[in-house]
Amino acid sequence: MRILLAEDERELSRAICAILTHHQYQVDAVGNGVDALEYSNTNSYDGIILDIMMPEMNGLDALKNMRERNLTIPVMLLTAKSTLVDRVAGLDTGADAYLCKPFAMEELLARLRAMLRRKADYTPNTLELGNICLNRSSYELAVGGVALRLCNREFQVLELLMNRPDRMITEEQLLELVWRAEEAPEPGVVSVYLSYLRKKLAALGADLDIEVTRDDGCRLVARK
Amino acid sequence: MGNSNVQYIEKNNGPCLVKVEQSLMSDFHDILLSGMALLSGAVEQAQQECTDRCGRCPVDHWKSRIKSDKSISEKLRRLHFPVSAESAVQNLHDVVGIRLICTYVDDVYHLRDALLRHPRIQQVETKDYIRHPKGNGYRSLHLIVGLELQEMVLPAEVQIRTLAMDCWAALEHQLRYKSGREAPQLMIDELKRCADEMASTDWNLLSIREMLKDDYSTEFSSGKGAAI
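Protein chains in written order, with our numbering: chain A, 1 to 224; chain B, 1 to 228.
Only true hints are included.
Sample of chain B residues lacking proximity to chain A, with all beta carbon distances greater than 10 Å (derived):
{"hint": "1", "residue": "Glu44"}
{"hint": "2", "residue": "Gln48"}
{"hint": "3", "residue": "Arg53"}
{"hint": "4", "residue": "Arg56"}
{"hint": "5", "residue": "Asp60"}
{"hint": "6", "residue": "Ser68"}
{"hint": "7", "residue": "Lys70"}
{"hint": "8", "residue": "His93"}
{"hint": "9", "residue": "Thr103"}
{"hint": "10", "residue": "Asn136"}
{"hint": "11", "residue": "Ile188"}
Cβ-Cβ distance ranges computed for the label pairs, FRET-style:
{"hint": "12", "chain 1": "B", "residue 1": "Glu210", "chain 2": "A", "residue 2": "Glu172", "range": "21 to 27 Å"}
{"hint": "13", "chain 1": "B", "residue 1": "Glu210", "chain 2": "A", "residue 2": "Lys64", "range": "42 to 48 Å"}
{"hint": "14", "chain 1": "B", "residue 1": "Gln122", "chain 2": "A", "residue 2": "Leu177", "range": "50 to 56 Å"}
{"hint": "15", "chain 1": "B", "residue 1": "Arg56", "chain 2": "A", "residue 2": "Arg167", "range": "37 to 43 Å"}
{"hint": "16", "chain 1": "A", "residue 1": "Pro185", "chain 2": "B", "residue 2": "Glu210", "range": "19 to 25 Å"}
{"hint": "17", "chain 1": "B", "residue 1": "Thr201", "chain 2": "A", "residue 2": "Lys101", "range": "52 to 58 Å"}
{"hint": "18", "chain 1": "A", "residue 1": "Arg167", "chain 2": "B", "residue 2": "Phe81", "range": "56 to 62 Å"}
{"hint": "19", "chain 1": "B", "residue 1": "Lys127", "chain 2": "A", "residue 2": "Ser138", "range": "25 to 31 Å"}
{"hint": "20", "chain 1": "B", "residue 1": "Met187", "chain 2": "A", "residue 2": "Glu172", "range": "39 to 45 Å"}
{"hint": "21", "chain 1": "B", "residue 1": "His132", "chain 2": "A", "residue 2": "Glu9", "range": "57 to 63 Å"}
{"hint": "22", "chain 1": "B", "residue 1": "Asp189", "chain 2": "A", "residue 2": "His23", "range": "41 to 47 Å"}
{"hint": "23", "chain 1": "A", "residue 1": "Leu177", "chain 2": "B", "residue 2": "Asn91", "range": "54 to 60 Å"}
FYI, nobody ran anything at the bench for these hints, they're computed from the structure. Positions of the beta carbon are idealized from the N, C-alpha and C atoms, including for glycine.
Work the whole structure out from these sequences, hints included.
Written out as structure tokens, the structure is:
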């Protein structure tokens, strides 16, 4: 499980990182809201822990921005702001859990486990972007009611791209996220799947296309 | 076409000769045969043209048929038209029909373009059930054409589809009509799911062919009408 931790108090951040790592989580730590946003855009996390009071951009604004971009990753707010109004505002902005400082590490871990366990419930069944609609349970890629059924890997690649439109994702990241179970994927397998998806997007008349750059990055862009 | 009463005659070698029964359509016997000969010739020419351009034969096989008297009269009755030979060639566009089964999705459109370039074949209507599949998942390109014969312009229907689309259509037809009763909604949904999966595979096969070697010349694939 990969976790993004945004906490500006260095000591606390270090302590949480150590505990999470000890419990087999992979953790990326950042110290402000702008970095949190940037990391959440370019990487794929299973969960995010956000402090509210942070320099540059506070945690609530970062969370709001993530939700506006359809980022459905579960988010826990971790903060000293403990009034009722703060807690309600945090949850209504799109947080999935709220933990007030000071807290016991056991509770942080338990809440994190509970939040990640319910992950599937947070994701809407269909993902829409431009004129394309991707159904998460049937793996149907549809434009204006005409559907093609994607295979598992095609679905996963497209889901990742749709979750971060306009953002580059590298071949390496796709391999890690989609082909992780496979020990030694054939070289070029990612570009084969990108070709499949591009062909289908064009066949359906999608207004989005996958742009592939020379350095093996790709992203969804408006079709020219 | 697409009707359970329609009998297709597999084409092997040479033009397909179909016996037209001495009854409803007998006055139009010669016209129907020369229409079929014109259409068969045009198909062969289109097939050759595409083969020359892409270096492989885009057609797996094709079938032709002249609608049986029984089917014609049934269809005329169903559509409330007078039951006569004149009425049939005037009101029905599928008395003469050809079905072309090709390898890849782009072949469908290349063949259409080549066929419509024939000087004696007029384009009347195109129904693109590949871009706009029917509700049950059926995919195929249907062309209604006018065959310019000496006596008249005879309407005909040309269906062009891939092996995968044909495979689905054949099995769906069998499963749906063989059981003799209305299929349950779940099975209708599952058949559609199969169609959407096969269509997806069709596009993958085309991608694989293109990744291995793009065999239609750039000039051809960027040519007018060939875009898919």
